[in-house]
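> First to last, the sequence lines map onto chains H and P.
Just so you know, we're using my numbering here: the first sequence kicks off at 87 and counts up by one.
Just so you know, we're using my numbering here: the second sequence kicks off at 87 and counts up by one.
No lab work stands behind these hints, which were simulated from the structure alone.
Any given hint might turn out to be false.
[Unchecked claim] Covered by chain P, per the in silico footprint, the following chain H stretches (three or more residues, Cβ under 8 Å):
no.: 1; segment: 109-123
no.: 2; segment: 210-219
no.: 3; segment: 450-458
no.: 4; segment: 473-485
no.: 5; segment: 488-496
no.: 6; segment: 501-511
[Unchecked claim] Which chain H residues face chain P? A few, computed with CB under 8 Å, are given here:
no.: 7; residue: LYS139
no.: 8; residue: LEU143
no.: 9; residue: ILE205
no.: 10; residue: ASP296
no.: 11; residue: SER333
no.: 12; residue: LEU336
[Stated by the list, open to error] For lysine to aspartate or glutamate, the following EDC-like pairs were computed, each having C-alpha atoms within a straight-line distance of at most 20 Å:
no.: 13; chain 1: H; residue 1: LYS154; chain 2: H; residue 2: ASP164
no.: 14; chain 1: H; residue 1: LYS364; chain 2: H; residue 2: GLU323
no.: 15; chain 1: H; residue 1: LYS264; chain 2: H; residue 2: ASP280
no.: 16; chain 1: P; residue 1: LYS110; chain 2: H; residue 2: ASP421
no.: 17; chain 1: H; residue 1: LYS110; chain 2: P; residue 2: GLU428
no.: 18; chain 1: H; residue 1: LYS341; chain 2: H; residue 2: ASP380
no.: 19; chain 1: P; residue 1: LYS364; chain 2: P; residue 2: ASP445
no.: 20; chain 1: P; residue 1: LYS332; chain 2: P; residue 2: GLU428
no.: 21; chain 1: P; residue 1: LYS399; chain 2: P; residue 2: GLU389
no.: 22; chain 1: P; residue 1: LYS110; chain 2: H; residue 2: GLU455
no.: 23; chain 1: H; residue 1: LYS110; chain 2: P; residue 2: GLU455
Even for Gly, the Cβ is constructed at its ideal location relative to N, Cα and C.
The primary structure of each chain is shown beneath.
2 protein chains.
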Amino acid sequence: MPEQAVSRSHDIDGLMNTIGLQAKAAARPLSVASTDQKNRALLAMASAIEASKDKILQANAIDLAAGKKVGLAASFIDRLTLDETRIASVAEGIRAIAALADPVGQVIAAWDRPNGLQIERVRTPLGVIGVIYESRPNVTADAGALCLKAGNAVILRGGSDSLHSSQAIHACLVEGLKIASLPEHAIQLVPVADRAAVGALLGGLNGTVDVIVPRGGKSLVSRVQTEARVPVFAHLEGICHIYVDKSADLAMAEKIVLNAKMRRTGICGAAETLLIDKAVASTHLEPLVKVLLDAGCEVRGSEAVEKAISGVKAATEEDWRTEYLDAIISVRLVDGISGAIEHISTYSSNHTEAVIAEDGAVVERFFNEIDSAILLHNASTQFADGGEFGMGAEIGIATGKMHARGPVGVEQLTSFKYRVHGTGQIRT
Amino acid sequence: MPEQAVSRSHDIDGLMNTIGLQAKAAARPLSVASTDQKNRALLAMASAIEASKDKILQANAIDLAAGKKVGLAASFIDRLTLDETRIASVAEGIRAIAALADPVGQVIAAWDRPNGLQIERVRTPLGVIGVIYESRPNVTADAGALCLKAGNAVILRGGSDSLHSSQAIHACLVEGLKIASLPEHAIQLVPVADRAAVGALLGGLNGTVDVIVPRGGKSLVSRVQTEARVPVFAHLEGICHIYVDKSADLAMAEKIVLNAKMRRTGICGAAETLLIDKAVASTHLEPLVKVLLDAGCEVRGSEAVEKAISGVKAATEEDWRTEYLDAIISVRLVDGISGAIEHISTYSSNHTEAVIAEDGAVVERFFNEIDSAILLHNASTQFADGGEFGMGAEIGIATGKMHARGPVGVEQLTSFKYRVHGTGQIRT
Numbered sequence: 087m088p089e090q091a092v093s094r095s096h097d098i099d100g101l102m103n104t105i106g107l108q109a110k111a112a113a114r115p116l117s118v119a120s121t122d123q124k125n126r127a128l129l130a131m132a133s134a135i136e137a138s139k140d141k142i143l144q145a146n147a148i149d150l151a152a153g154k155k156v157g158l159a160a161s162f163i164d165r166l167t168l169d170e171t172r173i174a175s176v177a178e179g180i181r182a183i184a185a186l187a188d189p190v191g192q193v194i195a196a197w198d199r200p201n202g203l204q205i206e207r208v209r210t211p212l213g214v215i216g217v218i219y220e221s222r223p224n225v226t227a228d229a230g231a232l233c234l235k236a237g238n239a240v241i242l243r244g245g246s247d248s249l250h251s252s253q254a255i256h257a258c259l260v261e262g263l264k265i266a267s268l269p270e271h272a273i274q275l276v277p278v279a280d281r282a283a284v285g286a287l288l289g290g291l292n293g294t295v296d297v298i299v300p301r302g303g304k305s306l307v308s309r310v311q312t313e314a315r316v317p318v319f320a321h322l323e324g325i326c327h328i329y330v331d332k333s334a335d336l337a338m339a340e341k342i343v344l345n346a347k348m349r350r351t352g353i354c355g356a357a358e359t360l361l362i363d364k365a366v367a368s369t370h371l372e373p374l375v376k377v378l379l380d381a382g383c384e385v386r387g388s389e390a391v392e393k394a395i396s397g398v399k400a401a402t403e404e405d406w407r408t409e410y411l412d413a414i415i416s417v418r419l420v421d422g423i424s425g426a427i428e429h430i431s432t433y434s435s436n437h438t439e440a441v442i443a444e445d446g447a448v449v450e451r452f453f454n455e456i457d458s459a460i461l462l463h464n465a466s467t468q469f470a471d472g473g474e475f476g477m478g479a480e481i482g483i484a485t486g487k488m489h490a491r492g493p494v495g496v497e498q499l500t501s502f503k504y505r506v507h508g509t510g511q512i513r514t
Numbered sequence: 087m088p089e090q091a092v093s094r095s096h097d098i099d100g101l102m103n104t105i106g107l108q109a110k111a112a113a114r115p116l117s118v119a120s121t122d123q124k125n126r127a128l129l130a131m132a133s134a135i136e137a138s139k140d141k142i143l144q145a146n147a148i149d150l151a152a153g154k155k156v157g158l159a160a161s162f163i164d165r166l167t168l169d170e171t172r173i174a175s176v177a178e179g180i181r182a183i184a185a186l187a188d189p190v191g192q193v194i195a196a197w198d199r200p201n202g203l204q205i206e207r208v209r210t211p212l213g214v215i216g217v218i219y220e221s222r223p224n225v226t227a228d229a230g231a232l233c234l235k236a237g238n239a240v241i242l243r244g245g246s247d248s249l250h251s252s253q254a255i256h257a258c259l260v261e262g263l264k265i266a267s268l269p270e271h272a273i274q275l276v277p278v279a280d281r282a283a284v285g286a287l288l289g290g291l292n293g294t295v296d297v298i299v300p301r302g303g304k305s306l307v308s309r310v311q312t313e314a315r316v317p318v319f320a321h322l323e324g325i326c327h328i329y330v331d332k333s334a335d336l337a338m339a340e341k342i343v344l345n346a347k348m349r350r351t352g353i354c355g356a357a358e359t360l361l362i363d364k365a366v367a368s369t370h371l372e373p374l375v376k377v378l379l380d381a382g383c384e385v386r387g388s389e390a391v392e393k394a395i396s397g398v399k400a401a402t403e404e405d406w407r408t409e410y411l412d413a414i415i416s417v418r419l420v421d422g423i424s425g426a427i428e429h430i431s432t433y434s435s436n437h438t439e440a441v442i443a444e445d446g447a448v449v450e451r452f453f454n455e456i457d458s459a460i461l462l463h464n465a466s467t468q469f470a471d472g473g474e475f476g477m478g479a480e481i482g483i484a485t486g487k488m489h490a491r492g493p494v495g496v497e498q499l500t501s502f503k504y505r506v507h508g509t510g511q512i513r514t
């Protein structure tokens with residue numbers, strides 16, 4: 087390694103460790119901040135963003151010019167682009183988070199013991215959250231506000247291509263913190279584009295970071311999951327399945343399948359594989375596939391499906407393992423609910439699966455035997471979303487089994503502790 | 087590395103990976119096993135242990151003879167020793183776990199959405215749990231039974247010195263699994279004493295292990311926390327504090343302080359530091375210290391405490407950071423609740439702390455501002471125990487903020503998933 091690189095990487099480590107210590111120091115006063123104080127900060131942030139609209143757009147113009155110069159893809163440029171509407175919606179998003187119930191201090195369980203001890207389990211902030219994201223500058227505001235609401239300090243590391251935009255938004259967040267007399271290090275943005283900063287954050291910054299949340303594509307999430315030395319709330323991909331049972335209402339199935347695949351094809355809750363009970367292949371297969379083909383969806387079928395319907399391409403083994411995030415779906419006939427469970431258990435990414443059935447016993451087996459974060463009955467997989475779940479806002483969807491699973495909203499960004507009230511009890 | 091060592095370590099890795107795959111394969115049927123089936127297995131295990139009493143004692147005699155030959159410490163030999171009473175209590179412990187409510191399938195939250203979707207959050211097993219413990223062979227049964235009750239497969243890695251005893255107990259557990267037609271790999275015991283097996287387990291066995299629980303002393307827990315590449319439920323130490331406020335009832339404080347320190351000095355919930363409000367130093371300090379000295383406890387005090395009371399030794403900075411696990415306590419005068427919070431936030435291991443006070447505002451600050459797993463008001467720190475919390479049995483106490491915190495019982499050995507019932511809803 088050339089000497090300059092060594093010294094630069096030392097500088098980054100030093101910078102990141104300082105950021106970690108500042109976050110930890112901010113976390114303590116933040117953990118006891120009142121709901122009112124946090125909400126005042128959030129509302130002030132929203133106002134600051136509206137008032138700083140021009141500054142934010144100027145900063146965004148710098149990022150956009152640089153991005154176009156280096157030839158970033160059009161979809162990337164689109165995610166990077168801010169305009170008046172998007173800025174207004176960022177401010178509205180923060181106000182919506184202010185309107186959420188404060189999870190900190192909520193009693194989530196309470197019981198009394200025969201000796202008179204009264205035990206309560208209450209929510210507490212997690213501590214320090216690291217958020218690593220890509221091009222969307224609005225994540226700066228969304229993630230910062232959501233972590234603050236749950237009483238956590240946050241270290242934001244946005245994509246280097248959106249650094250100026252994120253810095254302009256971050257300045258508004260800090261203004262809100264100051265107005266509410268909250269520590270300004272409660273929300274920190276890593277101020278350098280250097281990728282070594284990501285490595286340092288993933289290492290946990292000497293134990294100051296409690297959890298990492300990646301927001302972005304598969305390569306980012308994969309790197310985070312592989313390298314992180316602290317817990318991660320994430321999903322690598324959403325290979326979501328719909329199983330249409332022989333007991334399904336066909337009209338309902340057509341409507342749900344079409345929505346689950348085609349409403350928006352690029353989101354993690356979009357269906358990628360359709361499984362159809364072979365007992366109803368003769369009646370259900372063609373209409374279900376046709377509704378997709380008619381909507382412009384490419385259909386890749388198992389041998390039986392491909393042979394049965396013209397316009398269907400042949401699926402390979404790889405198709406069952408693929409999250410298309412596009413107008414493509416794989417279709418397979420399976421041997422009833424057992425076949426569906428077998429297929430899903432083999433290929434699922436444990437994100438979201440739906441069963442379309444009127445037979446309660448089939449639904450029960452689907453719900454019990456499939457271990458994905460979200461299971462739906464007679465509803466579209468595209469409901470896999472914190473907002474649709476009524477959580478108000480989410481920082482992502484997690485498919486791990488530890489702590490947070492499914493949509494990660496304010497509640498999932500908390501831990502808990504036990505408070506025990508006694509009247510002089512000693513243990514015998 | 088000599089060639090033999092290389093090949094041996096490859097053998098161990100191969101063996102451990104096989105154990106991991108077998109556990110993962112067992113976890114799936116286990117996750118849908120009925121409560122009745124799991125309880126039948128547990129009751130059969132308890133009976134098998136009673137019926138195999140002689141075999142277990144013979145195996146234990148082999149371990150004890152080997153342990154004495156290599157000069158194991160008397161305390162170690164004591165923990166290793168089984169007798170008829172201890173075996174009977176192992177069987178009773180399993181029956182108590184059978185009597186617990188099954189956490190799997192419990193609905194922990196449920197709400198409806200305006201569009202008619204009915205959302206439930208239900209408990210599911212975690213998957214595969216690795217338990218690493220030291221000399222106590224009874225952990226084989228306790229941990230195996232508790233993990234099974236929560237629908238998890240478990241890989242047990244007991245201390246090499248208790249291998250024969252653990253194997254004899256493990257044989258009884260497998261007998262119970264077979265009687266209830268549950269997969270026999272649901273509870274596996276690593277059959278070799280090689281320490282490389284621990285390293286392999288801490289690596290997560292190619293993603294087959296979901297969580298590791300260490301049961302043992304600080305050096306074991308420290309190694310597990312440092313090396314594990316999967317989540318760990320543990321506490322490194324329990325530096326538990328009692329703060330006696332100026333509003334405390336002195337008689338109650340004396341009783342609780344004595345119990346918290348001296349009832350059993352070797353458990354993690356034993357108090358290690360006593361903080362006394364300096365506002366009542368003239369009235370409370372001497373009686374509180376005296377009750378400890380009279381009980382044979384060594385008292386190490388800050389300068390003011392040491393000067394005030396004869397028989398008190400001088401505490402050093404190191405004392406505030408020490409978990410004595412012995413009849414020793416450190417004592418300090420602090421500036422009211424603020425001073426207590428400051429001291430505890432600096433030195434605590436985030437396990438358990440108690441406040442003795444009649445002033446509700448003091449209690450509220452103690453409960454809000456201290457972030458330890460368990461906080462008690464007017465009660466002994468020795469209540470920090472799953473049994474005392476009414477959880478029936480625990481596999482340990484966790485001080486981390488992720489997933490499990492405080493006593494880790496059957497509920498804490500579960501994850502959850504969302505089940506959503508619809509009537510044809512699609513997302514607009």
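> Now, for every hint given, state plainly whether the structure supports it.
Right, here's what the structure says about each hint:
1. Counting residues of the segment 109-123 of chain H whose C-beta lies closer than 8 Å to any C-beta of chain P gives 3; at least three are required, and the coverage claim holds.
2. Given as covered by chain P, the segment 210-219 of chain H passes the check, having 3 residues with a CB less than 8 Å from a CB of that chain where 3 are the minimum.
3. As drawn, the segment 450-458 of chain H meets chain P at 5 residues by the rule of a beta-carbon pair under 8 Å; at three or more, the given contact holds.
4. Chain P is given as covering the segment 473-485 of chain H, and this holds because 3 residues of the stretch bring a CB closer than 8 Å to a CB of that chain, at least three being needed.
5. Using a Cβ-Cβ cut-off of 8 Å, 4 residues of the segment 488-496 of chain H lie near chain P, which meets the minimum of three, so the contact claim holds.
6. Counting residues of the segment 501-511 of chain H whose CB falls under 8 Å from any CB of chain P gives 11; the rule of at least 3 is met.
7. A cut of 8 Å between beta carbons decides the hint on H/LYS139: the least distance to chain P is about 30 Å, and the hint is violated.
8. Interface restraint check for H/LEU143: the shortest CB-CB distance to chain P comes to about 31 Å, outside 8 Å, so the restraint is violated.
9. Hint status for H/ILE205 relative to chain P: holds, with the closest Cβ pair at about 6 Å, below 8 Å.
10. The beta carbon of H/ASP296 is positioned within 8 Å of a beta carbon in chain P (closest approach about 6 Å), and the interface hint is therefore held.
11. Hint on H/SER333 is violated. Least Cβ distance to chain P is approximately 14 Å, over the 8 Å limit.
12. For H/LEU336, the interface hint is violated, since its Cβ never comes within 8 Å of a Cβ in chain P; the closest pair sits about 12 Å apart.
13. Under the criterion of a C-alpha separation no larger than 20 Å, the hint pairing H/LYS154 with H/ASP164 is consistent with the structure, at around 11 Å.
14. For the suggested pair H/LYS364 and H/GLU323, the alpha carbons sit about 28 Å apart, so the restraint of at most 20 Å is broken.
15. A C-alpha spacing of about 28 Å is found between H/LYS264 and H/ASP280, which places the hinted pair above 20 Å, so the restraint is violated.
16. The straight-line distance between the Cα atoms of P/LYS110 and H/ASP421 is roughly 24 Å, outside the 20 Å bound, and the hint therefore fails.
17. With a C-alpha separation of about 15 Å, the suggested pairing of H/LYS110 with P/GLU428 holds against the 20 Å cut-off.
18. A distance of roughly 13 Å separates the Cα atoms of H/LYS341 and H/ASP380; the hinted pair therefore holds under the 20 Å criterion.
19. Only pairs whose Cα atoms come within 20 Å are accepted, and P/LYS364 paired with P/ASP445 is accepted, the gap being roughly 16 Å.
20. For the hint pairing P/LYS332 with P/GLU428, the CA-to-CA distance comes to about 17 Å; that is within 20 Å, so the pair holds.
21. Under the criterion of a C-alpha separation no larger than 20 Å, the hint pairing P/LYS399 with P/GLU389 is consistent with the structure, at around 9 Å.
22. Under the criterion of a C-alpha separation no larger than 20 Å, the hint pairing P/LYS110 with H/GLU455 is consistent with the structure, at around 15 Å.
23. For the suggested pair H/LYS110 and P/GLU455, the alpha carbons sit about 15 Å apart, so the restraint of at most 20 Å is met.
Going down the numbered hints, you'll see the structure goes against 7, 8, 11, 12, 14, 15 and 16, while the others check out.
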